[in-house]
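Using the hints, put the two chains back together into the complex; each one sits in its own frame.
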Amino acid sequence: MADEHKDIDAVTGTATTGHEWDGIRELNTPLPRWWLWSFYITIVWAIGYWVVYPAWPLLTTSTQGITGWHARSAIITDLAELKVQRGPLMDQLASASLPEIADSPQLLDFARAQGRVAFADNCAPCHGAGGGGAKGYANLNDDDWLWGGKIADIEQTIRFGVRSTHDKGRAGNMPPFTGVLKANEVSAVADFTRSLSGLPAEKGVDLALGTKLFADNCAVCHGEAGKGNRELGAPNLTDKIWLYASDKATIERGILQGRGAVMPLWDGRLSEPVIKALAVYVYTFGGGEK
Amino acid sequence: MTQLEELVRDAEVKARPQSAAPKPAFMEEGDDDGPLYAARRNIYPQSVRGFFRNIKWTALGITLGIYYLLPFVRWDRGPDAPSQAVLIDFPNRRFYFFFIELWPQEVYYLTGLLILAAIGLFLMNALAGRIWCGYLCPQTVWTDLFYAIERFFEGDRREHMKSDAAPWTVQKVAFKAAKHFTWIMVAWWTGGAWVLYFADAPTLVKELASGTAPSAAYLWIGILTLTTYIFAGHMREQVCLYMCPWPRIQAALTDEYALNVTYRYDRGEPRCSVKKSEQLRAAGQPAGDCVDCLQCVHVCPTGIDIRAGSQLGCIQCGICIDACDRVMEKLCRPTGLIAYDTDLNIQARREGRPMSFHLVRWRTSLYAAIIAIAGGIMIYTLATRDSEGISVIHDRNPMYVQLSDGSVRNAYTIRIVNKQLKSREFILSVDGIPSTLIDYVGLPPRADGRQLITVGPDQTKEVRVMATDYSATPPAPSTTVLFTLTDIDSGATAQMRDHFFGPASKK
Numbered sequence: 000m001a002d003e004h005k006d007i008d009a010v011t012g013t014a015t016t017g018h019e020w021d022g023i024r025e026l027n028t029p030l031p032r033w034w035l036w037s038f039y040i041t042i043v044w045a046i047g048y049w050v051v052y053p054a055w056p057l058l059t060t061s062t063q064g065i066t067g068w069h070a071r072s073a074i075i076t077d078l079a080e081l082k083v084q085r086g087p088l089m090d091q092l093a094s095a096s097l098p099e100i101a102d103s104p105q106l107l108d109f110a111r112a113q114g115r116v117a118f119a120d121n122c123a124p125c126h127g128a129g130g131g132g133a134k135g136y137a138n139l140n141d142d143d144w145l146w147g148g149k150i151a152d153i154e155q156t157i158r159f160g161v162r163s164t165h166d167k168g169r170a171g172n173m174p175p176f177t178g179v180l181k182a183n184e185v186s187a188v189a190d191f192t193r194s195l196s197g198l199p200a201e202k203g204v205d206l207a208l209g210t211k212l213f214a215d216n217c218a219v220c221h222g223e224a225g226k227g228n229r230e231l232g233a234p235n236l237t238d239k240i241w242l243y244a245s246d247k248a249t250i251e252r253g254i255l256q257g258r259g260a261v262m263p264l265w266d267g268r269l270s271e272p273v274i275k276a277l278a279v280y281v282y283t284f285g286g287g288e289k
Numbered sequence: 000m001t002q003l004e005e006l007v008r009d010a011e012v013k014a015r016p017q018s019a020a021p022k023p024a025f026m027e028e029g030d031d032d033g034p035l036y037a038a039r040r041n042i043y044p045q046s047v048r049g050f051f052r053n054i055k056w057t058a059l060g061i062t063l064g065i066y067y068l069l070p071f072v073r074w075d076r077g078p079d080a081p082s083q084a085v086l087i088d089f090p091n092r093r094f095y096f097f098f099i100e101l102w103p104q105e106v107y108y109l110t111g112l113l114i115l116a117a118i119g120l121f122l123m124n125a126l127a128g129r130i131w132c133g134y135l136c137p138q139t140v141w142t143d144l145f146y147a148i149e150r151f152f153e154g155d156r157r158e159h160m161k162s163d164a165a166p167w168t169v170q171k172v173a174f175k176a177a178k179h180f181t182w183i184m185v186a187w188w189t190g191g192a193w194v195l196y197f198a199d200a201p202t203l204v205k206e207l208a209s210g211t212a213p214s215a216a217y218l219w220i221g222i223l224t225l226t227t228y229i230f231a232g233h234m235r236e237q238v239c240l241y242m243c244p245w246p247r248i249q250a251a252l253t254d255e256y257a258l259n260v261t262y263r264y265d266r267g268e269p270r271c272s273v274k275k276s277e278q279l280r281a282a283g284q285p286a287g288d289c290v291d292c293l294q295c296v297h298v299c300p301t302g303i304d305i306r307a308g309s310q311l312g313c314i315q316c317g318i319c320i321d322a323c324d325r326v327m328e329k330l331c332r333p334t335g336l337i338a339y340d341t342d343l344n345i346q347a348r349r350e351g352r353p354m355s356f357h358l359v360r361w362r363t364s365l366y367a368a369i370i371a372i373a374g375g376i377m378i379y380t381l382a383t384r385d386s387e388g389i390s391v392i393h394d395r396n397p398m399y400v401q402l403s404d405g406s407v408r409n410a411y412t413i414r415i416v417n418k419q420l421k422s423r424e425f426i427l428s429v430d431g432i433p434s435t436l437i438d439y440v441g442l443p444p445r446a447d448g449r450q451l452i453t454v455g456p457d458q459t460k461e462v463r464v465m466a467t468d469y470s471a472t473p474p475a476p477s478t479t480v481l482f483t484l485t486d487i488d489s490g491a492t493a494q495m496r497d498h499f500f501g502p503a504s505k506k
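Chains as they are written, first to last, in numbering that gives the first Met the number 0: chain A, 0 to 289; chain B, 0 to 506.
With the rest of the complex left out, here is chain B (with noise of 0.2 Å):
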């Protein structure tokens, strides 16, 4: 047994209550399976203020104000590019991030975005556990809004519950349908800013308003709106207990050292009440600093129990802390019951050692280095990728074409990339045959005799030509080619290799 689950173990057995674990409420007397289904049993968080509640309406705040008002930040590239500084261009298959423009055949950086983001999950979790889940990911904003919009309409924990126990009355019919709207006009919002990353966003929502919007517009506005109003408003923390594999994935991941949201049960147990501890501390017998007023599982928005150890259910919002926090300054204790800590800690303080927070160490060095190296490549592709490209597709049927004098042609399929947002002339060359002749297929030359590839902003455009070897002796087989393009004004240069087939040599 591992030392990680010895304390695993050690913590569940403390925390437990001491009485035999109850029957669970759906199962029945005589009832040797219990239910196969389970209805879900509503939670009502209490409202509650402190450091980290600030934390959570700080990042609600940030996130939802970018999510909300990105689309209309505006980005200027000139005429011939859309002015809006986030944008997913799906018609003209166009990716635009500020500075950034990315093309289809670009989507690696994608996948860069993608390492930085699971290792970044990673690191957060070895440093403090699920970080993510408890103030960043949209499940939680978004819950954490629709909660607060309950409170407002429907009263804090008791009067909820108060009223939720009560019979339907005109004013709880009204309260109810005035909640639900203003969920339905969060959700609608919600989706409605979705779209706005696909299109110019002013003028979708001129569109939007007007009813002349495409009809995919709506369509995902209204998926955008249900999903968010049935995840948000009535699936809550189901999602993070039954559809989500993080909390299964990072449960694999953790180790002893990541901080937790962990009630310092060293601290806290036996539970008391205060009279009780009052009289047993006089009585020189031990007593916790828990005095099981219940205020940090009230507040919680999974509806745990922290005081049972780190589990599945516990997305670590740190919002027990600031309500176990307030009670505990009432009672003039401590603050601090419950905290980020570890249970290392938990048996260091124990057994009198010191204890010791190893934020550094090689997991999150590891990771740390993982995101450096995966960003550093990114930005360094990012900064020094090439603003015109060639790709050469030589000619199946046939491979050469014998002529008339006996001199062989290669043809070819080229196509060029110009991913400047102006237009920019080319001049392509093939090294690697001793004398060849290039014919552009429907392509006339210059007045001035020159054979130059005009390719409009921000586009590409492909050409066939053909390369003949018109040299006395007949060519190899295969010899390999270098294509050059030249940008006649910058000077800029792009190359691939390819290959120049001949006849097989007779036997």
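So here's chain A without its partners, still in its complex pose (with noise of 0.2 Å):
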């Protein structure tokens, strides 16, 4: 062993480490010596972690460090600056009317930047992303509004829910038909309702009798002419947009067994200025009405 590692490179007059690869020698040079300094004063640097933050976990807690530093106080800290430096716009947001608002071009972008984050937070589970919807949960782009479109009222809906448990939530249910309706006059009412919005009926359907029926059970909501009524939710059936879908299956369905989806209120669990931005943000989706 000691042998070979007497080898000394003639070139450079340094010892080698006397392992060989094909004729190729390793040369044993020391290191530097305040490269092993540096590692000394990494490990101190370490020890000095221990003794700034929280370091050794403890049987309950852990080593708190002189600094008294924790991830958890830091994010406090850090939301309360921005709690100020947000402060200002967002008393005005809460001060503010709706139209006001809506006319501020500062106010209007800071609402809808706060709006979008609550939208993702609370409300893109159900309606999208980017309040596109899904089969029974509304599109809030469009302009067809269940509840009606106006910032207030949109405001309204947020902030009490739909078919909710507060008193000013938005209520009315479309009943099941079943045991009312025969199971042609479904069928007829089904085409009926297609054929206001322009939709083809099924070959050798009873137009007349879904005309008749229409009128005597779904007009009261729907109106005569099927053009809905806002105060109970009852959807226009003449526009080209479908809730649940057009085909007459769905729409059957609907007869049938009625309809009555849920949106829960928001007042109480919102704070004031993000149900107006929420608001805000909503009605410039590009459906809100003037």
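In short, the hints are calculated from the structure, not lab data.
Please read all numbers here as calculations on a predicted model, not as lab measurements.
Even glycine gets a Cβ: it sits at the ideal position worked out from N, Cα and C.
A hint or two may mislead.
What the hints assert, rightly or not - Output of the computed footprint for chain A on chain B, the stretches with three or more beta carbons under 8 Å from beta carbons of chain A:
1) 36-49
2) 388-402
3) 429-443
Structure below.
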């Protein structure tokens, strides 16, 4: 062993490690000593971390470090700073009326930015990331509103919900017609409903029967012309937009089983400015009515 | 074995002292492996005068002058922009360089600069070795300055070595303290100048003087003071030997035609004293010009012996050339025993062939061509870049909206860029949909009905727009549309393609 190590490289005069690969030998060049010092310094530095920051886990807690720094308290501080920074605009948002917000470019931008985050946190699970909706969940981008598309209407819907537990919540159900209408009658009403928005009827269907049954059973909520009633959340059946779907089977199911989708109320769960911001944000999706 | 390898081996063998390799100082009797760690050998470079020393002083003056003074150069850009010629404005995400202003998305100019820098380094290397290391590298420049300070307080090589070996006295402590204080002052100014590139220099100087500057400024000054003091005062050549990747890359990139600081062993060997060389010559025996005075070793800032040939530790600063030339002048022998030369020429002289210098060759031409092309592209794009821009993001959810009357609407978020230092008004149009109407969210039209978008000086503005196809026939599942942004004053335009989506066709 020792004999191998005595090998001194002729060119450099440096000892070699004794390892050889295809005639290539490795010089055993000593590392500079400062390299070693740097290594010791990193160890001391690491000990410094134990002293300054929370480090060692104990049974129920951990060593706290002399600075008392904590990731949670740090984020609380950051959030508090953010709150102070946003304070003036948040106050304005809280005190301004909805039309005032819509008319002020700065407030509108701020409300939309706030609304975007709040929407993603609270509304997107049902209505989609961009408010595009899904079957049974309203598309908030179009110009068809069940409960009204003015900014104040939107705010009320958000605040108190739909068919929620709140007295001021939007109320009104589509009752089930199982047992009221016979199968052929349901089919006739469904075809008549489709015809309201210009969709073709099945062959051999009695549209006259459908017309009569609609007037008797449906017009009280949906209106004689099928234009709907926003007081009751009865949709306009004459437009091209369908909350569920426009195929006959879906319409028949709606008639037989009724419809009554629920939206939770947000009053008390979201702060005042956030509810306003959400109303503004949804309003500016593009379907907002003047 | 290539010609280069042969030459290198030849040079190594020729240049090596004839005696067997001495046992390294750190190895003791019976010590197999030697120590794992070795202390730094102190280097006391002797001062020298001469051509290359003057080049180094000049390079030092120019580079440090630029570094320390550039932040104070003013450049008028009008009221809405900073008036500092060179400024990296992090809070506002802008980089200013005299007449050039760069936005973060134009960071590819930095890539271009890096390409130029890399190829420039390669070109220098192909022409004359480590020009960068010897004359321009900050490590070299600051170390040179720190050596000058050291010599001022502790004397030149001999005096300094004598003082270091002598016992401590009040005077020795005072001189050492004065040296370290001056080093720290220089290091402090170095860090101080650095932060001035990131804020308005005169303002920041006042803030620093009155203790009201941002804490980041003090932190960075502290960090750079420390690194300058450590690197230039204490690490010195060790940065080049152990830390810098360039000596390794350089060795792989060089070729036999590159000029290097070379000991002309064809002329120098065999080494012998003046007296002995006279005797040998009188006796008709060969005697080299090298008198083994070790001046080239004593002046070397990295402490190497250039006579051992081209090596990693040589930063090729040419100081040994100056030292050797002084000795040769005194001995009335021709200068240039150490010179910028190639091993090929040494070989040529030995064989009586003429020397040749190939500065223009494939390698250097290629590097120069790459520099010219990359530089040309950068200048061209910089000169022809637009001062306005548009980017369009289509809504992802929903992709399109069916309206109650059956028409289809798509929504887009549009960001408009105004790189001019004045407020501008733009008008937006969209082509590709038969009958469209654009709605702007929260942007009421002007009194004259025109829908103008105002973008502040050197700013961007985000606008949400909705395009609706009102035509009777339903739109195709996807139509290419073209957004055009027009500056209503200058007529300058910017365009962006996107898509207009419609319902998938029914089966």
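Status of the hints after comparison with the structure:
{"no.": "1", "hint": "36-49", "in the structure": "holds (count 4)"}
{"no.": "2", "hint": "388-402", "in the structure": "holds (count 8)"}
{"no.": "3", "hint": "429-443", "in the structure": "holds (count 4)"}
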